[in-house]
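Chain residues, written in single-letter form:
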Amino acid sequence: QQQVKQSPQSLIVQKGGIPIINCAYENTAFDYFPWYQQFPGKGPALLIAIRPDVSEKKEGRFTISFNKSAKQFSLHIMDSQPGDSATYFCAASKWNAGNMLTFGGGTRLMVKP
Amino acid sequence: EPEVTQTPSHQVTQMGQEVILRCVPISNHLYFYWYRQILGQKVEFLVSFYNNEISEKSEIFDDQFSVERPDGSNFTLKIRSTKLEDSAMYFCASRDLAYEQYFGPGTRLTVT
Numbered sequence: 019q020q021q022v023k024q025s026p027q028s029l030i031v032q033k034g035g036i037p038i039i040n041c042a043y044e045n046t047a048f049d050y051f052p053w054y055q056q057f058p059g060k061g062p063a064l065l066i067a068i069r070p071d072v073s074e075k076k077e078g079r080f081t082i083s084f085n086k087s088a089k090q091f092s093l094h095i096m097d098s099q100p101g102d103s104a105t106y107f108c109a110a111s112k113w114n115a116g117n118m119l120t121f122g123g124g125t126r127l128m129v130k131p
Numbered sequence: 042e043p044e045v046t047q048t049p050s051h052q053v054t055q056m057g058q059e060v061i062l063r064c065v066p067i068s069n070h071l072y073f074y075w076y077r078q079i080l081g082q083k084v085e086f087l088v089s090f091y092n093n094e095i096s097e098k099s100e101i102f103d104d105q106f107s108v109e110r111p112d113g114s115n116f117t118l119k120i121r122s123t124k125l126e127d128s129a130m131y132f133c134a135s136r137d138l139a140y141e142q143y144f145g146p147g148t149r150l151t152v153t
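These protein sequences, in sequence, are chains U and A.
Adding 18 to a residue's 1-based position in the first sequence gives its number in the numbering used here.
Adding 41 to a residue's 1-based position in the second sequence gives its number in the numbering used here.
The shape of chain U in the complex, shown without the other chains (with noise of 0.2 Å):
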């Protein structure tokens, strides 16, 4: 039930592609999703986040994109970089007094030159 499980756990692109990272969660009771990167060696950085009550949000190339009905949600990154090579954890929380982060498994991106 605290699940989330994400997909692939690893992705190759071209420069200018647009990966997609699939997450997918079984409890209705989360009602906050951030996409969190992470370069080897240092802590997960908050790239953007949502709540259920919009489909989509966008910020800068990034944008998720979700489905309240069918429990998944997703990443796309588009006109990617070399720079945008790193791994990606999508999370998942509900609000109470502790509000946890429950991860994904992770993807790791790489995009080719």
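Quick caveat, the hints were computed from the structure, so don't treat them as lab data.
Certain hints may be false.
[Stated by the list, open to error] 20 Å max Cα-Cα, derived PhoX-like pairs, lysine-lysine:
no.: 1; chain 1: U; residue 1: LYS23; chain 2: U; residue 2: LYS89
no.: 2; chain 1: A; residue 1: LYS98; chain 2: A; residue 2: LYS83
no.: 3; chain 1: U; residue 1: LYS112; chain 2: A; residue 2: LYS83
no.: 4; chain 1: U; residue 1: LYS75; chain 2: U; residue 2: LYS86
no.: 5; chain 1: A; residue 1: LYS83; chain 2: U; residue 2: LYS60
no.: 6; chain 1: A; residue 1: LYS83; chain 2: U; residue 2: LYS23
no.: 7; chain 1: U; residue 1: LYS89; chain 2: U; residue 2: LYS75
no.: 8; chain 1: A; residue 1: LYS119; chain 2: A; residue 2: LYS98
no.: 9; chain 1: U; residue 1: LYS33; chain 2: U; residue 2: LYS130
no.: 10; chain 1: A; residue 1: LYS98; chain 2: U; residue 2: LYS112
no.: 11; chain 1: U; residue 1: LYS86; chain 2: U; residue 2: LYS60
no.: 12; chain 1: U; residue 1: LYS23; chain 2: U; residue 2: LYS86
Given chain U, work out where chain A should sit, using these hints.
Relative to the frame of chain U, chain A by itself:
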């Protein structure tokens, strides 16, 4: 831009020893967290802390773990008697009244 800081960046300890990992959350944040990430795996929640008490903890956070906010700026994670399987990156995170959690750079704990 304010950020979460953590010290040390790398801690090596022997099995059975106590370690304290330190974090300075973003100054106006009210909620504090510890997560861990075993090499190559996903980030896992350990504990959340608000108003000077634990608000939620995972089953990983057993009696060997404790957290403390000893003053107005530091937030610490203590592991009383380390085990080999405690080797991981430990991340501190903090947030204000909004949802967004901001992570520190992590402490790599190696237990030998």
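Among the hints numbered above, which are violated by the structure, and what are their numbers in rising order? Violated hint (a single one): 11; every other hint is consistent with the structure.
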